[in-house]
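Chains as they are written, first to last, in numbering that gives the first Met the number 0: chain A, 0 to 378; chain B, 0 to 108; chain C, 0 to 534.
Worth flagging that the hints you see were computed from the coordinates, not collected in a lab. Hints are not guaranteed to be accurate.
Stated by the list, open to error - Here are the computed lysine-lysine pairs in the DSSO-like style, where the Cα-Cα straight-line distance is at most 27 angstroms: (1) B/Lys-31 <-> C/Lys-209; (2) A/Lys-304 <-> C/Lys-105; (3) A/Lys-257 <-> B/Lys-31; (4) B/Lys-98 <-> C/Lys-349; (5) B/Lys-1 <-> A/Lys-6; (6) B/Lys-1 <-> A/Lys-40; (7) C/Lys-52 <-> C/Lys-349; (8) A/Lys-257 <-> B/Lys-98; (9) A/Lys-29 <-> A/Lys-72; (10) C/Lys-146 <-> C/Lys-62; (11) A/Lys-257 <-> A/Lys-304; (12) C/Lys-355 <-> C/Lys-421; (13) A/Lys-257 <-> A/Lys-295; (14) C/Lys-36 <-> B/Lys-98; (15) C/Lys-52 <-> C/Lys-91; (16) A/Lys-72 <-> A/Lys-112; (17) B/Lys-98 <-> A/Lys-295; (18) C/Lys-257 <-> A/Lys-304.
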Amino acid sequence: MSKHLSKYNDVIIIGGGIIGNATAYYLAKKGLSVTVLEASKDIGIGGSSRNGGGVRQSGRDTRELPLAMWGIKNLWPGLSEELGVDVEYTQKGNLRLGKTAAHQKILQGLTDKAVSCGLDVRMINGDEIRAINPYLSDEVTCASWCPTDGHANPLTATLGYYKKARELGVRFITESPCFELRKIKGVIRQVVTPDAIYEADKVLVAAGFDSRKILATVGIDVPMMPLKMECLVTEAEPPMFLQMLGTADADFYGHQSKHGSFVFGGSSGFEHLNKDNGSPISSSIGASCTCRGIIKYFPALADAKIVRAWAGWLDDCADHVPVISPVEEVPGLYITCAFSGHGFGIAPAVGYNVAEMIADGHSTIDLSALRYDRFKPKQ
Amino acid sequence: MKSINDRSQDIGPFVSQTDDAIIICRCEEITKGEIRQAIHDGMFTVNEIRRYLRAGMGLCQGQTCGKLVKNLIARELNVIPDQLDPATSRSPMRPMEMKVLGNEEVSHV
Amino acid sequence: MKRYDLIVVGAGPAGLSAAIEAARCGMSVAVFDENTKPGGQLFKQIHKFFGSKEHQAKIRGYKIGETLLAEAADAGVEVFLNATVAGIYLDKEVLVQIGAAMEHFKADTIIIATGAAENMVTFDGWTLPGVIGAGAAQTMMNLYGIKPGQRVLMLGSGNVGLVVSFQLMQAGCEVVALVDAAPKVGGYGVHAAKIARCGVPFYLSHTITKAEGSDCVSGVEISQVDEDFAPIPGTQKHFDVDTICLAVGLSPMSQLLKMAGCNMVDDPRRGGQVPQVDENGETSIPGLFAAGDVSGIEEASSAMIQGRMSGLAAAAYLGFLSEQDKDNRLADLEIALDSLHQGMFAPGNKGKTFTKTDEGIAVSQSLLKKGYLDDADLERFIHRSDQTDEKSGIHPVIECTQNIPCNPCQDACTRGCIKVGKTITALPRIDATISCTGCGMCIASCSGQAIFLVDEDYAPGYASITLPYEFLPRPQKGELGTALSRSGQPLGHAEIIDVRSAKTFDQTTLVTIKVPVEQAMTARFYQPETNAAGQ
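Put together the whole structure using the sequences plus the hints.
Listed below in structure tokens is the structure:
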């Protein structure tokens with residue numbers, strides 16, 4: 000099959016999610032020509048629009064924590080203004096809630112680790128918790144509290160980066176899945192889609208769990224699996240609280256959006272086994288189970304109406320930490336994937352630093368702990 | 000490649016229209032002008048408009064405005080409306096209170 | 000988890016018909032419907048249905064609904080009301096809200112018969128209270144006995160707009176105008192004629208440009224449109240109304256099918272997003288069917304046949320019906336469905352313009368533009384040789400001028416005076432050699448209210464006209480009122496000389512008026528003296 004050979008670009012990004020869009024934006028700002036290829040019909044249809052909107056530092060692995068802290072300090076506060084789209088960034092803290100001694104132990108462990116990295120996070124008791132959020136049930140007895148955490152709107156943030164990148168001349172092409180990466184004379188050069196072959200000096204693979212099969216075409220592997228998670232959203236409710244929430248047991252997580260609706264993710268315990276029909280569809284038990292989990296913590300939400308539930312795949316890495324890395328074995332190739340369900344909050348920082356990595360050869364934040372070749376067998 | 004897949008195509012400048020203030024999505028009170036502007040911001044699909052503006056994300060889940068939004072996109076992009084996918088259908092099909100949706104005999108599930 | 004052989008979603012005409020057929024084959028069947036009452040739209044349809052006997056022609060919709068419910072109960076179908084299906088999940092699992100709890104069910108086959116929702120059009124003020132869908136108006140009137148308003152403007156001249164306009168007048172509302180952006184009436188001419196003769200003006204090639212009012216509708220502005228449906232400045236007309244009724248089409252409520260993962264297509268001729276289905280309604284997911292409006296907008300008659308077809312196909316899918324029996328029974332239903340899909344208004348003829356009937360007669364342009372037949376039309380349709388009654392005395396006049404699938408009139412006349420023939424869409428012909436007894440069965444059997452009995456020799460200088468009348472109060476014999484023309488114009492005094500109602504007329508009153516003989520072919524409606532028609 001002969002294919003149209005498309006115009007040359009400095010960089011091709013595979014994946015029109017928030018990571019791809021943000022990187023495209025920061026690259027375009029540096030003056031590079033960029034094309035973003037999105038496999039589906041919609042921009043940002045994957046994990047970017049299927050998450051709880053957390054912009055958290057607490058609870059993160061120490062390897063990605065510097066990225067999260069840097070992004071919250073440097074990018075999130077001015078992002079709405081920079082993109083010209085309200086990303087609804089709200090920095091009013093994160094409560095990770097617990098009810099039992101076991102919960103307390105989990106939360107204490109996470110807190111100790113974060114404190115060692117210089118993050119302002121501490122354990123608080125039931126009264127302190129209800130002083131911050133009076134709607135929580137009396138059964139909640141402990142929480143970790145990180146006042147500099149927050150949340151944002153993943154839909155407008157993802158599409159905001161898209162809009163702004165597009166304005167700067169980034170070309171976005173939908174329904175263009177990457178079949179194959181091709182090297183020419185030992186360096187990355189071509190991206191093959193059903194309609195065309197795209198050429199560039201640099202290629203970034205930012206395609207969620209699809210990255211694995213794309214990278215396989217040049218002999219690179221990232222050990223990750225798709226994991227289906229479910230979310231739900233209520234009708235608009237009067238403003239109640241501004242914190243981002245989670246629980247020690249991960250019964251649910253989420254926040255109240257600026258619009259008034261509550262966006263919550265949750266688990267039924269079967270996520271790692273859930274099947275689907277080729278698209279990430281809700282299970283028959285997920286939403287009901289999440290509702291029960293929420294009501295246990297927030298009795299006041301019992302009457303709130305759920306208008307929509309959805310599922311999405313996250314790209315769950317072997318060590319649940321992202322891969323953000325150049326690939327020296329395939330010169331010109333870069334990887335950002337395997338975000339394992341907590342990529343949204345660090346997306347601006349990832350986009351910014353990866354753009355630096357691609358354009359300048361080094362990044363503000365040291366990302367060497369997130370390399371693609373860190374996975375080693377047991378000794 | 001279908002023309003609507005090239006998000007850099009020139010669809011002309013946004014020109015305001017006399018009826019831009021008309022509400023299209025009643026649940027979320029989104030106007031025709033806001034939707035048309037969003038299309039010019041690059042939102043070429045019903046799903047993208049939904050996520051960018053919340054049009055079709057309210058209580059009726061786009062039952063009323065779905066076709067209207069689709070026709071607006073088609074007109075701005077100069078394509079036939081049935082080339083555009085409607086928004087994704089999601090459960091629950093009707094708004095349901097958390098205490099109801101969560102109320103099931105788990106042993107019967 | 001509770002299991003059924005078949006779960007049907009939607010207890011309307013398609014869903015109930017499907018459930019009945021499947022249950023009669025021995026299947027365990029549950030039907031879920033989110034409404035308080037079963038029957039879907041049938042219980043709002045107080046008009047007589049078109050078609051032939053097998054399509055339950057000349058029977059009113061709500062009576063068909065009652066029959067279906069009784070049949071479903073007899074067949075052992077379990078109908079769950081106030082049962083909202085939240086979703087359809089993998090492995091044909093159905094999650095249902097019943098009361099204040101969720102219940103999980105599984106079925107080996109599922110039939111989705113969720114019907115359709117009303118389309119909206121936007122104009123300045125369209126979100127004001129008082130702008131309602133025609134279906135909503137029908138629900139208010141016919142299910143809850145609530146008058147939607149006093150003065151109503153109807154947008155949309157399809158069958159829904161025409162039928163609901165008539166029902167609004169029956170409920171005592173005044174319909175000030177019927178408006179459509181299209182250049183011709185979209186629905187059956189006989190439905191249009193029913194409201195035109197009550198004096199409702201038709202504004203084709205017009206659209207609503209503004210709903211007036213601050214808190215609710217107090218008026219409406221319409222404007223003429225050009226070929227591109229854009230309003231022409233300076234053509235505005237104003238009406239004082241408190242209600243604006245929109246009858247601008249329906250969209251299939253196919254979200255459950257999409258959620259279930261069926262292959263969907265966007266087909267404007269079927270009303271929007273619909274599942275890909277085979278001839279029995281089976282979707283791309285084996286054992287999952289769609290029937291009725293959800294797989295393409297038609298009407299209740301075809302929905303019932305489609306429902307029965309999918310019910311039989313589901314029965315065969317699970318071995319409750321042999322392939323041969325299935326084929327035989329489906330063949331009959333296909334013929335019945337096919338006969339409904341004939342004529343000028345067939346789904347396949349959507350958007351086509353007919354200049355002549357199948358009989359070769361030029362169609363009435365007046366009917367398409369104004370809703371009534373003009374004098375030249377009468378020459379072509381009424382005074383053609385087979386209808387001319389050279390003999391004196393009472394005789395039927397049939398003002399049915401479009402090829403629509405309907406034939407109850409031919410069975411109505413026990414003397415065989417009216418013939419439609421094998422082709423259900425043929426225009427009825429009158430056999431002038433057979434003398435008419437004036438029994439009126441033909442009038443009552445005509446769902447389009449298009450048959451009249453005329454006697455030019457009633458008395459010297461006077462003719463009698465017997466017409467169908469479906470308004471309350473019933474006129475009384477001896478009462479004096481006004482004869483109205485086909486366009487609703489007053490022609491002069493008319494005296495009621497006979498009022499007949501009978502069980503076989505099914506609530507259609509036959510009113511006989513006495514008018515001057517020169518009005519024998521012009522007077523077509525009666526307005527009581529005290530108030531306007533339709534009160």
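Do the hints match the structure? See the list:
Straight-line distance between C-alpha atoms of B/Lys-31 and C/Lys-209 comes to about 16 angstroms, which keeps the hinted pair within the 27 angstroms bound. Proposed proximity of A/Lys-304 and C/Lys-105 is supported: the alpha carbons are some 25 angstroms apart, at most 27 angstroms. Taking the CA atoms of A/Lys-257 and B/Lys-31, the gap is near 22 angstroms; set against the 27 angstroms cutoff, the hint holds. Taking the CA atoms of B/Lys-98 and C/Lys-349, the gap is near 47 angstroms; set against the 27 angstroms cutoff, the hint is violated.
In summary, the hint linking B/Lys-1 to A/Lys-6 is supported, as the alpha carbons are separated by about 17 angstroms, within the 27 angstroms threshold. As the CA atoms of B/Lys-1 and A/Lys-40 are separated by approximately 11 angstroms, the hinted pair is consistent with the 27 angstroms bound. Distance check on the hinted pair: C/Lys-52 and C/Lys-349 sit about 25 angstroms apart at the alpha-carbon level, within 27 angstroms; holds. The suggested pairing of A/Lys-257 with B/Lys-98 holds, with an alpha-carbon distance near 23 angstroms, which does not exceed 27 angstroms.
With a CA separation close to 21 angstroms, the supplied pair A/Lys-29 and A/Lys-72 stays within the 27 angstroms bound. Taking the CA atoms of C/Lys-146 and C/Lys-62, the gap is about 22 angstroms. The hint holds against a cut of 27 angstroms. With a CA separation close to 17 angstroms, the supplied pair A/Lys-257 and A/Lys-304 stays within the 27 angstroms bound. Under the criterion of a C-alpha separation no larger than 27 angstroms, the hint pairing C/Lys-355 with C/Lys-421 is consistent with the structure, at around 20 angstroms.
About 24 angstroms separates the Cα atoms of A/Lys-257 and A/Lys-295, which keeps this hinted pair within 27 angstroms; it holds. For the suggested pair C/Lys-36 and B/Lys-98, the alpha carbons sit about 25 angstroms apart, so the restraint of at most 27 angstroms is met. Taking the CA atoms of C/Lys-52 and C/Lys-91, the gap is about 37 angstroms. The hint is violated against a cut of 27 angstroms. Distance restraint check for A/Lys-72 and A/Lys-112: the Cα-Cα separation of roughly 20 angstroms lies within the 27 angstroms cut-off, and the hinted pair is therefore satisfied.
For the given pair, B/Lys-98 sits about 11 angstroms from A/Lys-295 by alpha-carbon distance, which is consistent with the 27 angstroms threshold. Pair hint C/Lys-257 plus A/Lys-304 holds up; C-alpha atoms about 22 angstroms apart against a cutoff of 27 angstroms.
Of the numbered hints listed earlier, those contradicted by the structure are 4 and 15.
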